[in-house]
Amino acid sequence: MSRLDSFLRRLQAQRDCLNVAVAMIAKVPGPIFELGLGNGRTYDHLREACPRREIFVFERQVSAHPDCIPDAAHLLKGDVGKSLAAAQQRFAGTVALAHADLGSGNPPRDAETAAMISARLPAVMAPGGVIISDQELTLPQAEILPLPPGVQAGRYFMYLWPKTAD
Numbered sequence: 001m002s003r004l005d006s007f008l009r010r011l012q013a014q015r016d017c018l019n020v021a022v023a024m025i026a027k028v029p030g031p032i033f034e035l036g037l038g039n040g041r042t043y044d045h046l047r048e049a050c051p052r053r054e055i056f057v058f059e060r061q062v063s064a065h066p067d068c069i070p071d072a073a074h075l076l077k078g079d080v081g082k083s084l085a086a087a088q089q090r091f092a093g094t095v096a097l098a099h100a101d102l103g104s105g106n107p108p109r110d111a112e113t114a115a116m117i118s119a120r121l122p123a124v125m126a127p128g129g130v131i132i133s134d135q136e137l138t139l140p141q142a143e144i145l146p147l148p149p150g151v152q153a154g155r156y157f158m159y160l161w162p163k164t165a166d
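Each residue of the sequence shown is one higher than the one before, starting from 1 at the first, in our numbering.
If you're looking for bench data, these hints aren't it; they were derived computationally from the structure.
What you are looking at is a predicted structure, and each value in this text was computed from that prediction instead of being measured.
There could be a bad hint or two in this list.
Ranges between beta-carbon positions, derived for each pair [to be verified]:
1. T94 with T164: 15 to 25 angstroms
2. P108 with G78: 18 to 28 angstroms
3. L11 with D110: 12 to 22 angstroms
4. A23 with Q141: 16 to 26 angstroms
5. P107 with A73: 33 to 43 angstroms
Just so it is clear, CB atoms sit at the ideal spot from N, CA and C, and this is done for glycine as well.
From just these sequences and the hints, can you work out the full model?
Structural data, given as structure tokens:
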């Protein structure tokens, strides 16, 4: 598969997972966390899909399209791990949706990032909240959700917080 085809499949998977998650959290109050702004595509999609929700973006260095940069109150600049750790008390148990798109294509670095996200997100997630990630996370308290039709296993990962009783 060409890199272009792979990129298109990733974007389609991302959009489809976001759309499913947005529908799932319709009755779950709380903000959205966007971990990684990139060029702002998913942030822009979430703004359109959730116009009444606050969206907080965590980004090390902003290089997004100017129309897709949140205002200063909603942009937490700097190391994502440190920013997320600092946000834990403020947002404890309130986040309805967390989307993490921080993969680098470097397996050791991505493993560190996934471990950091797995350690820090549980403290901020609201009951009934959804976590979407481009990296597989270790969240034993969360239910692994099926991916939307057409999304290849391993392309994206979705979790419901917390795991429902069996």
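Practice task
May I ask you to test the hint 12 to 22 angstroms on the CB atoms belonging to L11 and D110?
Solution key: The hint (12 to 22 angstroms, Cβ to Cβ) holds, given that L11 and D110 are roughly 18 angstroms apart.
Exercise for the section: Evaluate the given range 18 to 28 angstroms for the C-beta pair formed by P108 and G78. Expected result: holds, 22 angstroms
Problem - Outcome of range test on Cβ distance (T94, T164; 15 to 25 angstroms) - result: 20 angstroms Cβ-Cβ, so the 15 to 25 angstroms window holds.
Practice task
Starting from the hint 33 to 43 angstroms, judge whether the C-beta atoms of P107 and A73 obey it.
Solution key: Roughly 35 angstroms apart at Cβ, these two residues keep to the hinted range, so it holds.
Problem - Distance restraint hint 16 to 26 angstroms, applied to the beta-carbon atoms of A23 and Q141 - result: holds, 23 angstroms
Checked against the numbered hints above, the structure violates none of them.
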